[in-house]
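Protein chains in written order, with the working numbering: chain A, 1080 to 1291; chain B, 549 to 661.
FYI, nobody ran anything at the bench for these hints, they're computed from the structure.
C-beta: ideal position from N, C-alpha, C; glycine also.
One should not assume that every hint holds.
With beta-carbon atoms standing in for the labels, derived distance ranges [unchecked claim]:
(1) B:P604 / A:Y1189: 16 to 22 Å
(2) A:V1256 / B:S660: 55 to 61 Å
(3) B:T645 / A:A1175: 31 to 37 Å
(4) A:A1093 / B:V576: 27 to 33 Å
(5) A:I1083 / B:W577: 16 to 22 Å
(6) A:R1173 / B:P611: 46 to 52 Å
(7) B:G610 / A:G1117: 16 to 22 Å
(8) B:D652 / A:P1104: 24 to 30 Å
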Amino acid sequence: MRPILALGLLSLAALLAAGIAGLWPRENPVDPDPIAQGWGVANAVACVVLGMRLWDTLFEVLVYVVAMVGVRFFLGTLCWRGELRPVAQSPLLRRAADLLLGPILVFALYVAASGHLGPGGGFPAGVIFGSALLLLALAKGMERLSAELYEPRLESLEYVAAVLLLSLGAIVLILEVRTSAAFIAANLLIALEVAIGAWAVLHRFASARGEV
Amino acid sequence: MESLSGLGLSVALALLGIWTMVVRRNLVWKLLGLNVASGGGILFLVALSHRPGVRPPIVGLGPGPAADALPQALVLTAVVIHFATLALALALVILLTEYRHTQDARKLEEGSV
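Next up, chain A with everything else stripped away, as it sits in the complex:
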């Protein structure tokens, strides 16, 4: 079994190498500046993600939402009856988390809102805010945080953001709007979406095991 597998994997690698060998010498890539300026933005990656390949991004957000619904559904059927270990409280960590939360939130908003002008965008901003929530969960303990951030309301907010994003994408695709305002709105909605999804995953996994 294993020699056959090793042989198969090596031949796969050889096929891959033969397939990409024709790429050298490299041709010069297309200059992305005129394309990006045609969409009214400065970041060519944002132009690709939210402009030329908007269908990809919309369905990616749909896959993300469906996966998060699946996580909620499957882990919601479990109820963990074990004894909850109290989280060790450290005042230093708690104060630091309280102090850091504001700047992290502002930075996430900045990254989302300026994603069409420079490095950034909705997905990194959502992940930044999700890691801020993880910091809070480590500092305060999961129960206190989930009492403060009530999940069902956030869940409906996530669906509203997904619907708004899909309708925005439909408007951009049908009316062929090419403004940077659409990019900013889409980036903010994607950031909201990803942050709430990351929070849902964190909360569900932690509450399925009963601890952080």
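Given chain A's structure and the hints, the job is docking chain B onto it.
Below, chain B without anything else, positioned relative to chain A:
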């Protein structure tokens, strides 16, 4: 040269991940292998589009040719989708462990538990 070493590393990572997925019997190890293989795929896209001396694909960041923006956008998509599907797969593994009390793929397939 960096491009070639990156390509070699990414292919090695992908092969290692697939090997782990096929050989290991524990479901969590299989997911770990999937994770490594997916990292190899992402690194492959990045290494394939690497060109020495290009500027970032942002308007107004100096003269010279800009990097290709398409692989960067693809990698962005791949990373997010990978996170979501990995979370879903881990949730399914937790559920299986809760109801069947094993993570051994062979025992689960035989139905002996």
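Okay, the hints, checked on the actual structure:
1. B:P604 / A:Y1189: 16 to 22 Å: For Y1189 (chain A) against P604 (chain B), whose Cβ atoms are near 18 Å apart, the range 16 to 22 Å holds.
2. A:V1256 / B:S660: 55 to 61 Å: The hint (55 to 61 Å, Cβ to Cβ) holds, given that V1256 (chain A) and S660 (chain B) are roughly 59 Å apart.
3. B:T645 / A:A1175: 31 to 37 Å: holds, 35 Å
4. A:A1093 / B:V576: 27 to 33 Å: holds, 31 Å
5. A:I1083 / B:W577: 16 to 22 Å: holds, 20 Å
6. A:R1173 / B:P611: 46 to 52 Å: holds, 50 Å
7. B:G610 / A:G1117: 16 to 22 Å: holds, 21 Å
8. B:D652 / A:P1104: 24 to 30 Å: violated, 50 Å
The structure does not agree with numbered hint 8 stated previously, though it agrees with all others.
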